[in-house]
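Here's the letter readout for the chains.
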Amino acid sequence: GQNIDQPTEMTATEGAIVQINCTYQTSGFNGLFWYQQHAGEAPTFLSYNVLDGLEEKGRFSSFLSRSKGYSYLLLKELQMKDSASYLCAVTREGGSYIPTFGRGTSLIVHP
Amino acid sequence: KAGVTQTPRYLIKTRGQQVTLSCSPISGHRSVSWYQQTPGQGLQFLFEYFSETQRNKGNFPGRFSGRQFSNSRSEMNVSTLELGDSALYLCASKGSSSTDTQYFGPGTRLTVL
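These protein sequences, in sequence, are chains A and B. Here our numbering is used: the first residue of the first sequence is 1, the next is one more, and so on. Here our numbering is used: the first residue of the second sequence is 112, the next is one more, and so on.
If you're looking for bench data, these hints aren't it; they were derived computationally from the structure. Think of the CB as a built atom: it goes at the ideal place given N, C-alpha and C, for glycine as much as any other residue. A couple of the hints might just be wrong.
[As the list claims (entries may be wrong)] To give an idea of the interface, some chain A residues facing chain B are shown, with a C-beta separation under 10 angstroms as derived from the structure:
1. F33
2. G40
3. E41
4. R103
All chains should be built: construct the whole structure from the sequences, respecting the hints.
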């Protein structure tokens, strides 16, 4: 089975940095995705981590520790448009690698 | 390249009716997955189709079914609708490689009255 945990809601101030954590317990873990979903819209791909370490992509970075079953998404220089739900999803080895999603973290950015 | 498209975008049905939702994947993508998204449960996997065959299935009752056509377009059917089936139904497509990313369509918002 799979168990994915993320905080339900976080708030932050425009211009600040926020870290959204995700922990998972998955047999045969393969990789971890982060998606962003604005209200009423489809999830959009942010990052995919397979190996341990930090991957940076502009204002967004994603970190993975396979041994600890832990990932985080780091958002820098927050903007109002970053207010959205952030979904953590894991894939398992074998099969078709369809991701299983956590319940998402709703991020609210205040001016 | 056009993205994943879903029709209809909004749908209102009554209990006991059935509904069919449609999804057209990104050109060249042969894998199509369906998800149900509700505020309480988040994104839950329904099933995945690849080359017209159901390859993976989530834990949903048999009222939820799907199929995929030779052009990779997919349909999802829900029979005997219940109030609890009200949700956003998302379709996602990806390529054939295990490391390919899933791309989501805009979803169909189903309301059951």
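| said: Under 10 angstroms is the threshold here; is the Cβ of R103 (chain A) close enough to any Cβ of chain B for the hint to stand? | reply: Holds - the Cβ of R103 (chain A) comes within 10 angstroms of chain B, reaching about 4 angstroms at its closest.
| task | Answer holds if the nearest beta-carbon of chain B is closer than 10 angstroms to that of E41 (chain A); otherwise answer violated. | result | holds, 7 angstroms
| Hint check, F33 (chain A) versus chain B [nearest Cβ-Cβ separation less than 10 angstroms] | holds, 7 angstroms
| query | Do the numbers back the hint for G40 (chain A), that is, is its least Cβ distance to chain B under 10 angstroms? | reply | Interface hint status for G40 (chain A): holds (8 angstroms vs cutoff 10 angstroms).
Of the hints listed earlier, there is not a single one the structure fails to meet.
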